[in-house]
Every structure is written in structure tokens, then in C-alpha cells.
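Visitor: Now for the letters of each chain:
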Amino acid sequence: MQHRQLSGVKESPEPILLRTPLLKRRWFIALTLLVILGVAFFGVPAIVHAADPTGGDTLQDNPDAAVNMAWTLVAGFLVWFMQLGFAFLGGGLIRSKNQTNYWTKSFMDFCIASLGFWAFGFALMFGGSKLFPGLEAGNALIGYSGFFLSGASYDVSTIMMWFFQMVFAATACTIVAGAVAERMKITAYLAYSFIIGALIYPIYGKWVWGGGWLSTLNILGTTGVRDFAGSGVVHMVGGLAALVGAAMVGARIGKFNRDGTPNAIRGHNLPFVVIGTFILFFGWFGFNAGSTLAATDLRISVIVVNTFLAGVTGAVVALYWVLARTGKADIIAACNGCLAGLVAITAPCAFVAPWAAVVIGAIAAPVMMATAWFVERKLKVDDAVGAVAVHLGGGIWGLLAVGIFADGTYLGVKGLIVGEVGQLILQIIDIAVVLVWVSVTAFLTFYLVKKTIGLRASREEELQGLDIPEHGIEAYPADSVPASN
Amino acid sequence: MQHRQLSGVKESPEPILLRTPLLKRRWFIALTLLVILGVAFFGVPAIVHAADPTGGDTLQDNPDAAVNMAWTLVAGFLVWFMQLGFAFLGGGLIRSKNQTNYWTKSFMDFCIASLGFWAFGFALMFGGSKLFPGLEAGNALIGYSGFFLSGASYDVSTIMMWFFQMVFAATACTIVAGAVAERMKITAYLAYSFIIGALIYPIYGKWVWGGGWLSTLNILGTTGVRDFAGSGVVHMVGGLAALVGAAMVGARIGKFNRDGTPNAIRGHNLPFVVIGTFILFFGWFGFNAGSTLAATDLRISVIVVNTFLAGVTGAVVALYWVLARTGKADIIAACNGCLAGLVAITAPCAFVAPWAAVVIGAIAAPVMMATAWFVERKLKVDDAVGAVAVHLGGGIWGLLAVGIFADGTYLGVKGLIVGEVGQLILQIIDIAVVLVWVSVTAFLTFYLVKKTIGLRASREEELQGLDIPEHGIEAYPADSVPASN
Amino acid sequence: MQHRQLSGVKESPEPILLRTPLLKRRWFIALTLLVILGVAFFGVPAIVHAADPTGGDTLQDNPDAAVNMAWTLVAGFLVWFMQLGFAFLGGGLIRSKNQTNYWTKSFMDFCIASLGFWAFGFALMFGGSKLFPGLEAGNALIGYSGFFLSGASYDVSTIMMWFFQMVFAATACTIVAGAVAERMKITAYLAYSFIIGALIYPIYGKWVWGGGWLSTLNILGTTGVRDFAGSGVVHMVGGLAALVGAAMVGARIGKFNRDGTPNAIRGHNLPFVVIGTFILFFGWFGFNAGSTLAATDLRISVIVVNTFLAGVTGAVVALYWVLARTGKADIIAACNGCLAGLVAITAPCAFVAPWAAVVIGAIAAPVMMATAWFVERKLKVDDAVGAVAVHLGGGIWGLLAVGIFADGTYLGVKGLIVGEVGQLILQIIDIAVVLVWVSVTAFLTFYLVKKTIGLRASREEELQGLDIPEHGIEAYPADSVPASN
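So the sequence lines, in the order shown, correspond to chains A, B and C.
Each step along the first sequence adds one to the number in the numbering used here, with nothing skipped, and position 424 is 424.
Every position in the second sequence, counted from 1, becomes a number in the numbering used here once 1000 is added.
Every position in the third sequence, counted from 1, becomes a number in the numbering used here once 2000 is added.
Bound-form chain A, shown alone:
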């Protein structure tokens, strides 16, 4: 460990910035060109073709726009804050030797994915939806207007929509970080982040939320898949990409024995796990209730309470289930049970009554545990944090739950409990579509990355931990022990 600085003090290297004259640096030149191109291509049209960039007309047309925009933006802040929840959760569940790597991935993935969503994703997802100005062009499979938020999409409503949708794309992206933790290279992970934000997430999203073919599919007189806040669009996409990524990068050294039986690899910080769950739960209020895009839709209170009840019930069922079996109050199981409940209620949150939310949450916990078992024991895939169980398992159950528990009070969506079967069939079709779409595209993505950048750190790096080889800095330098300085 020659990198460790016992004294906490080492000679500071000449800063990178100043090694060569500014104008000789390729990066500086590239950046400058980017600026010039940006102005030329996006700047001028933006100003000329902007729809309503200050919102004066929008407010006059609809005085409720103020409260609805405030609601949607605040909800979006909360959803974005979930990024920190994922960072804590995964960070707690993995070892300290990979913390710098994990926190770097957790921070940079949303940066990269959101730029991908800005450049391409949003246009692919909402082009043709005509929901807001600048989103006119597109068909049932794919959209093609709104790139770079330029032209007519320089509009307060369109830009509000971009923000709220972007934080969802970023959520789908970051779900993968935990599953592939402790062995996927940082550069590989960041490349994947761009692709999911720019392509995988938005194209499927188009089909369900952007006016695409799944949203208009008719079965037995019932029209359209219903996934209110994204059990499928966000969580199944992220969870399935996590499964594919974890399978393709391979298990961590020491995870499986020669006979295929798994070993448990402990995390390094249990409070982090609970903190992460708290923050995710906090953000989920925005995730689900913000998806109305309107505070004037008073159903938001029901959505909040359904979200809450499913989360707590998932936690309680998981905790007592394990307690009854082992005599231990397993808080990690409870946290994952809680998250599975939250994932499961995400699709049906607006369509069901509170009692149903309790039932959905209660069932989500064993679904999560069964999925975890299946992934580890049958598929023999090493998901370092249980992301697949929570997001893929919980997500499937959530899409089904719409078809079962929707009570018909909201938007006329009806499930089995009020005698309709069409919605459930639509939901099953949706599940099949996600499974196929993400399996294929995530495989292609990780395959492409593998062949270009390479997916996995070397054996040596993995054993040492990725922090020093990839980042040059430990998460907890030695001087963190007071006596050492």
C-alpha cells in the first residue's frame, strides 16, 4: 500500500492545468469549438423560435400553471435527491475499498445520463407527444423533436417537463450502479450511463408515457398500459439493466464457491444503508405524487399516502418475516422490503385505495426476497446490493398490481377487484415488452462497452479495491484515525 499517506501530507504535484500552454491542449481547443458550435446551432434558433420562454402567455392561459409548476419542480427536486439515497444505500452495502469508486459512479452517472437525455433522450421520448411546445415530431415508436431543448422547446412548460422527466431517467440509470459495484470500471459505467439516458430509457419510455404504441394498445375494450410513476418505465428498466450488467461483468472474486454456492460479502457501513433508504423514501413522495404534474389534481394526497403505506408495510413484513425465521431483526431485509414496497406502489399509486396499498406493500416484501433468491441461486448472478430484487421484482409486481387493485375511481382505470380483466392483460404485455427491450438493448450496450473500453477492472485492482487504481484516492485516508496525525 505505497499509496497510503500515514502522515496525511504528501508533496502536491504540479497541477494538471498548467503543464502545457493553454492553446496547445487538445481539450481546450475541443471545448472552445464546442462553445462556438453550440452558439451557432442551438443558441440562435433558441431565441428566434422559442415558444414561451418566460411564461407570461402560459400563465394567462392557465392561472393554475403557477401552483402546478411549483409542485412539479419541488417534486422533481425530491426525485433528484434520491440520487443521494442510492449513493448511501449502495455505499453502505459494499466494502470500504471501493467507496471512492462507488461514490464517483453515483455522482457522475446522473451528470452523464442527464446530458444524454438533454441532447437526445427527451426528444426521442416526447417528440410527437405534442404535450408541450417543441414536441411536435414523432411517431408511435420514436420521437424526433426537442433535441437539446432548442427551438420551440425553449418554453417554460416544456422545460419543466424536461426537468421532471430527466430526474426519472437519472433514477433508472443509477439503479445499475449497485449491482455492478466493486468490479465494473468507472469509464465503462459512465459510457453505459450515457447510453441508457440517451437511448434505452427514453425509447421504451416513449411507448408508455410519450404517446407511443403501448399507451394506445386496446385489449378487451380497455385502452393503454398504465404505469403511473414508473414501476416499469423506471424500475424495471433499471433493475433489468442491472441484471444484464451484473451478469455480463461477472461475479466479484469470492462471491461464488466452486460448487456454485454463494458467499455473503458484507458491506462496510450499516447506518449508510438505513440513511439511503430514508432518503429514497423521502424522494419517493415526489416521484409518485409529482407525476400528476399538477397540484390541482388533488389525488396527490391519496398518492402520497398509498406510497407511504406500501413502503412501511413492505418494511414491517420483511422485518417480521426474517425475525420469525431466524430470531434476528434484519434491518437490511427491512430496508429492501420497504424499497420493494415503494417500487411496487409506483405504478398503481394513483389508481388504488389505501387498504390496497397496504396489501401491495405486504406482498412486495416476499416478492423481493424470492427474486433475490432466484438471482443468486438460480441465475447465479452477483448483484452486490440487491438492486435486481428490489427494482425488477418489485417493478413486475407493481405493474401487475394495477391490473388487480385499480378501483376505478381515478381516470377510470379498473382492475380485477372491480371485475375488469383487460387492464391486467395489458399490464402483462407491458411486462413482456420491457423484458425483451431492455434485455436486448442492455446486452448490446454492455457488449459494445466491453469490446471498446472493457467492462471489468483487472483482478489485481479488484483485490486491492478500485479506489487507488482508478481514482488515486482512498475513501477514508489513514489520518482519519486521530492518533495518526
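Mixed in with the good hints there might be a few duds.
As the list claims (entries may be wrong) - With a straight-line cut-off of 20 Å between C-alpha atoms, the simulated SDA-like cross-links for lysine to any residue are:
hint, chain 1, residue 1, chain 2, residue 2
1, C, Lys2328, A, Gln464
2, A, Lys450, C, Gly2327
3, A, Lys380, A, Asn263
4, A, Lys328, B, Leu1463
5, B, Lys1328, C, Thr2452
6, B, Lys1328, C, Thr2187
7, A, Lys328, B, Lys1328
8, C, Lys2130, C, Asp2061
9, C, Lys2328, A, Arg325
10, B, Lys1328, C, Glu2461
11, C, Lys2328, A, Pro469
12, A, Lys378, B, Leu1463
Source of the hints: derived by calculation from the structure; they are not laboratory data.
Here the structure is a predicted model, which is why all the values come from computation and not from measurement.
Since the structure of chain A is provided, determine the placement of chains B and C on it from the hints.
Guide: The following block gives chains B and C in isolation, referenced to the frame of chain A:
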């Protein structure tokens, strides 16, 4: 310490879920029955008798409902987030060997308490208040409609109210976790959590906030106890339950010497203490200003500023007080002074002017310190985190402060400074009522738990720390030191 | 290290409070007098002269007041929460032996600064602006009404304004904590905090935001410096005070070698750095978008997205820049790049289009790196956390960016890209004014503190770490290692 895994890798046990066939498991059968019963009893009536489950009529009757609901929900999110603040604060103040236990309690208590409040508490507290649909039945002592949010209480306003009230019940519950930390069994604590959320908190709450007898009591022409956001309803209830619980579970091994003098037991993480205080402060904005249930009540800005000023003044006074005496800038004293200021302003926040908030906060700090001294030195009770001093001491002072500093500008509430004495007498009666009610019911609760589940971990478990015996996992497994892996 | 308690248990000292009878204590008497004086001077006038302390008239005059107040308050909560972000960020970047000291400063500074802003700052900054009741008196240089929020400033709008402005003052204050960390005395730092909140920040703030001379300056037909949310008012002020403070307190022992070359001093907790950046980013949504003080100004969505895009672009450019040069994905550089992007977009956030936000963020990263290099290599000042680079460097760039990229859509503010040069000149004048004002006043402040309290801890204390000498408690007591108890 045979449980510690130096390598961070151990053989993963066969998962609980799959040990016996699914249908033979009692838990599975019980859960299934629960689902069926739930549908039968709550599902059908909910849909048939629902008042306004989507809010269309509510919004038509009152266009301000949108902004008021958004305000109340966001405030509720903040109040709920205080759970994380309590977890950090208490976690920081106790030893690392009990962290898993503490974080488990901090996470699970609100889960359990909220389900108790859903099933029973809300109906007991607001039944008969007629504040919202479905809350018709009840008398001056107790309510009895709105159980399980079923029937007519499936209404957007009622459900909004449930959410905001539930997060308050959860706060009262979690105050106790710190006081009894490091020795109370997890199962005992969770049983208590259910009872406080289902019974202790809501019944007293009914008297003050649910239209009960304290809210209609008339003294010298002044009507009704005033506890705007719950110095009494939340903080005295929690603080007193904490005192009773800490007394009944007994002091930690090593806390008191044979001659009755106390020893200081250090926490494990000072940043956690400050983080917890920050998060609690953040949540308190929602706690107090959200209690208007309306953004159209513009007094919210005064409430926010009063809350802020009392908190910072409490911190400053506590810090300089200790600094003047010992020469040390004691941040733990400052954090508790801040929290005492916040607790104290909770009842009067809406009724006083900013200068009075400064005074109330300034006095809260010495009140907190005196209470801490009294609890430790006179009562000889071991409150591991100072919860009683902050919440009970601060809470009493807060209720009194309404009767002293209310300036008559808001809802006509007048205190001594504007020449009225009736309110102060009402507040004193209220204090006496809480003291009696919670002493008795908390005693009965912990007594019941003691006789059934048992309150306290064994001496061996306590010495080892509760994490391995009760939860099977340390908070900071050995591999958290990079070199070990 | 005789202070360390291996057992975690030590004899508890007689509590401070009870050492001498209550009435003999000077502090008690002083506090009592303060209460009486407070009531006499502020209480009575507050009630008599209050403008609209409950908001009834305000709401009647403007029904939008509810949604605008809710928006502004929630945004203010987020801005306040940034205090925790700064605490995490700086705490992570410095050594564990100074954590108690750092967290104490981080918590107490906003407490002290806000009381200074309550007593004096707000009146100096907004007196004469006539923006809200009670702010009538003042001239182009300084205001003088609204002290202690008394008299007519006991009004819901004025108090809302106070809250939102106070959290900005607190931000400027806390920026300094990191730069002077690990050697400035706690008492010195708290004295500085009062002065910046009461004088330095508000007087300059008056000139730009309080209707002062910079806001009315006319150049080439363009009127008024534009600093939408405070790249200059908050970040340059804080960043420059940080530079002056760090220079005057001197470098940490071991930072510079005899030949003037610097050494890198590692922090103790990398996740803290990322957590801090996450929380700051989260708060920045409120910082920028809340500065409209109105949700009815729908431009808020554009502000949010501009803020977001500049932040992520700053992070991405910094990360890949360092990666290209060193092969290491340096998350600390990325976090500072992100923050520099956020600082830079703070002034222009409302005036530019999203594509320009990307450009501004992209340029902010190298500006930050160049500033860091200049401060460390040329000025030879030891800024322990890079605060000067982020806030002063990013702030200057942000003010310039208004003059370059403002596209004329909002409030008619036009920059170079739409052919106007006047705004850019105004911005350059503004930059010069801040540089002079803060250099002089911050120098005087720290000079005064040095001559009275003393700025710097002793050499012995610094080597040991400030935690035990100044606070009497370590951040991570020894029992944080499970085995030790």
C-alpha cells in the same frame, strides 16, 4: 467475537424464504388471509362510500385547495424527514456497538407507529371532529370513525389530514428511541411503538386538536388550550414517554456509580450529532409552518421565522453559556439548546412576534440544561441522548410561553404581555393533563411489554452491544478498514 | 492523548448549570435583563405598529400571494439546508482531528450570522428599498429601517423577505469556514460570522439588491448590474472573505515547504465530500429558482434547468479533464467543478437559455482549476477546501457570463450574444466593486478579531487538532471501534 468476519466474506446461508414449501408456512397463510380480509372489510366499503377520492368536487368548492394541499404535503414530507434527523442525532450520541440496533429502531418505529395510527389512532384522534369527511363519530374524550381510512374517509382532504397527522404521531414515537437506547430490546421497543401510535398519542391528541375537551375548556373567558404545532401534543408526550421508558428499563451498565453519581458515556460520532440537528431543524420548518394546513394563511412566514429565531438563539445561548463556564465550545450542548428552542417555539410559533421567539429560544436553553440536571442527578434516570431535557423540558416551557408571549394578532390568542391571564392558566392545566395521561399510559405500556416480551436485553448482550445478538450484524464490519480486505 | 477514554465511560463532571446559585450568575442576570429590554424596545412597538402580521390584507390585495409565499419559503428551506452541505463538504476535505471544530463552526456560524442579520443586516440591506412594509428609510448607500424586524416590519411579506435573504447571508458567511479550517480559533470565527452577517454582506447587498447605487448605474443606456441569485452578492463575497481570512490566519503547519512549494493535505472522508456536493446541489435549486420570490414567474422552470445543466457540465468537464491528464477519475475535482458551475450560473440563471448554461458550466470548471492554481502557487495561500477557487473564481465568471450570454428574453437583459456591450461593462464594474469592498472590510474584520480575540490556535493545539483543546471532545471517540467496549 466469533461473529466478526475478518475477511468480509462468509458462507451465505440458505435463504429463509425457501426452507419449507410455501403453503406450509404459517406466515404465508396468515398473510394471505390478511389480504382476503382486507379486501372484504375495507376494500368494498371504501369504494362504495368514498366521499371525494379524486378531489374534483373539493377543488370546485375551494380553488385554494390546490395550493393548500401542496403546502401541507410538502410540509409533511419535511416532518417525516425528521425521522432521519432523530436517527443521526441518537446514533451519534451512543456507542458504535449499538448502532445497528439504534438505526433499526429509528427506521422501524415510524413504520409500526404509522400502521397503528392508520388502523386506530387517526379515528380515535379525529373521529367526531367533523373536520373532514368520514370523521363524524366521536365525543369530547375519544373519536370513533375513520378507522383504516375506510368508508367516507377515502377522501382527498381526509387523507391529506391523515398524512400530516401521522408524521406527528411518528415524531412523538421516535423521541423515545434515544432515551432507552443501548439496552431496550428491539421487539419491546417495536411493541411500544405500536401502542403510542395507536392509543397514547391519539387519545391525548383528540383532547387538544381533535375538538376534545381541552380545546373547549373555558377559563376566565378564554376558551381552549393552544398548542399550535405540538410542544405538548408531540414533544411532551414523546419526552415524558421517554422518561418513563428510560426509568422502567433502568440505567445502562456503568452509567451510575454505587454512590449514585453519574458517569458520562460518550457517543461514537460527533458529526452525526450535528447532522441530526441540521435535519431536525430543516424538518421543523414543515412541522410548525405546515400546521396551518394552508398556504393561504400567510402567517406561515412569521411561523417560519419564529421557528428559526428560537432555534438559533437556543443554540447560541447554550454554546456561550458553556463556553463562559468551561472554556469549551460544547457543540452537543449547542445542538440540544437549538432543539430545545425549537421544541419551545412549537406551541407559540403562530401566536408571537419575532422578538418573543428570540426570548423563548434564549430561555429554552437553560430550561433544557436544568431539566437534564434534574433527570440525571435527582431522578437518577439514564437518558442516553438527553431527549427528556429537550422534549419534556422544552415542551413545558413552550406551552407556558403561549400564555406569556401571545400578542393577540393571530386568532385572538393573548398572553400575559397583552394583559390576559386566562390563556396561561389554560396552558398550565394542559401541562398537568399531559403529565398525568402520559405517565399513566406509558407506565402501563412498558409494564405490559415487560411482562410479555421483556423490556431489557440481557447483561451479556448489553456488554457485547445489541447489534450481533439482536440483529446478527455489526454496524461497521471489520472490512471497513481498507487494509483488511 | 490523556483525553481519550478507552472505556467510553468517564466520571461525569458536576453540571455547569448548578455550580453556583442561579441569581449570583452574571450570565443569568444578563439574560434576564435582555429579556426585559427586548420586551420594552421591540415588543410593544411591534404590536402597535405592525403592518399586516397575519396576511389577511395582503392576500386580499393579491390572491397569488399564497402560492408565491409557499414557493419562496420552500426555496428558503432548501437554501438553508445548504449549510449542511457545506458542513459535509468541508468536513470530508479536512482531517479527523479537527472535525468537532469544523462541525461546530458550520453549525454555529449561521446561528450567529443570522442574529446579526436580524438585528442589523436586514435593515442596512433593504431599508429604503420600499420593497415591503417597514423598509422605508435608507439611501443609495445604506438602509436604516427594519432593525430587529420591529415596528412596521412585523408584516408577513417583510418577514418572508427576511427569511429568504437571511439564508443567503448565512451562505456567504459559511463559505469561509472551509478555507480557514484546521487553525482558526472557534471564537475568532464566530466573531467574524457576526460581522459578515451584520455588516459586510448586507451593505454590499444593498448596492445590488436593495435598490442601491449599483442597481441604478447606467452605462451606454443599460441600467443596473444584474446578479440574479448572487454569484457576486453571495459567492464572491464569501469567496473573497475566505481568501482574506485564509491569508491572514496563515497556512496550516506543513502545507508549504521552505521553498514555497505546497503539499497536499488529505481529508478524512471522501463520501462526505460527495454527500456535501449532493446537498449543495439540492439546495441550489431553491437558491436560484427561489430568487424570483414568486411561482407566478414561470421562468422558474428555466432557472432550475439552467442551474442543473451548468452543475452537471462543470462536473463532467472537470472529471474528464483530469482523467485525460492523469488517468484518474478525480471525484474531488468533479465535485468542485460541479460547484463552480453552480456558482457561475447563479448570476445568469434567469437570463440565459439552456444551451448557454451548458457552456457556462463547461467553462466554470477550468476557471475553478486555474483559480485554485493561482491561489496556491502564486498567492501561496492555504485554502483548505478550495472554497476560493469555487466561489470567487466561479463567481467572477458568473457575473461576466450575464454580460455575455443574456439573451434578452427575460427582463430585457441583453449580453454580447445579442449585440449589447453595456451590460458586460456594468458587470465588470460590479466585480471591481466587490473586490474592493470585501478586501477592505474583510481585512479590517479579521484584523480587529486578531487584535482582540486572536485569530489562530496555538501551534500545539494545531498539531494535536483543535477538537480537544477548543471543544473538549473528539469527533470519533475511541469506542467507535466495536471491540473497544
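Visitor: Decide, hint by hint, whether the structure agrees.
Guide: Status of each hint after checking the structure:
At roughly 16 Å between alpha-carbon atoms, Lys2328(C) and Gln464(A) fall within 20 Å of each other, so this suggested pair holds. With a CA separation close to 19 Å, the supplied pair Lys450(A) and Gly2327(C) stays within the 20 Å bound. For the given pair, Lys380(A) sits about 11 Å from Asn263(A) by alpha-carbon distance, which is consistent with the 20 Å threshold. Of the supplied pair hints, the one linking Lys328(A) and Leu1463(B) holds, its CA atoms being roughly 18 Å apart against a limit of 20 Å.
Between Lys1328(B) and Thr2452(C), the direct Cα distance comes to roughly 18 Å. Compliance with the 20 Å bound is thereby established for this hinted pair. Restraint check: the Cα-Cα separation between Lys1328(B) and Thr2187(C) comes to about 10 Å, which is no more than 20 Å; the hinted pair holds. Between Lys328(A) and Lys1328(B) the CA atoms are separated by roughly 42 Å; this puts the pair beyond 20 Å, and the hint is violated. Our distance criterion of 20 Å between C-alpha atoms is met by Lys2130(C) and Asp2061(C), whose separation comes to about 17 Å.
For the given pair, Lys2328(C) sits about 46 Å from Arg325(A) by alpha-carbon distance, which is inconsistent with the 20 Å threshold. For a cut-off of 20 Å, the pair hint linking Lys1328(B) to Glu2461(C) stands: about 13 Å separates their Cα positions. Annotation: proposed proximity of Lys2328(C) to Pro469(A) holds, straight-line Cα distance about 8 Å (limit 20 Å). Under the criterion of a C-alpha separation no larger than 20 Å, the hint pairing Lys378(A) with Leu1463(B) is inconsistent with the structure, at around 41 Å.
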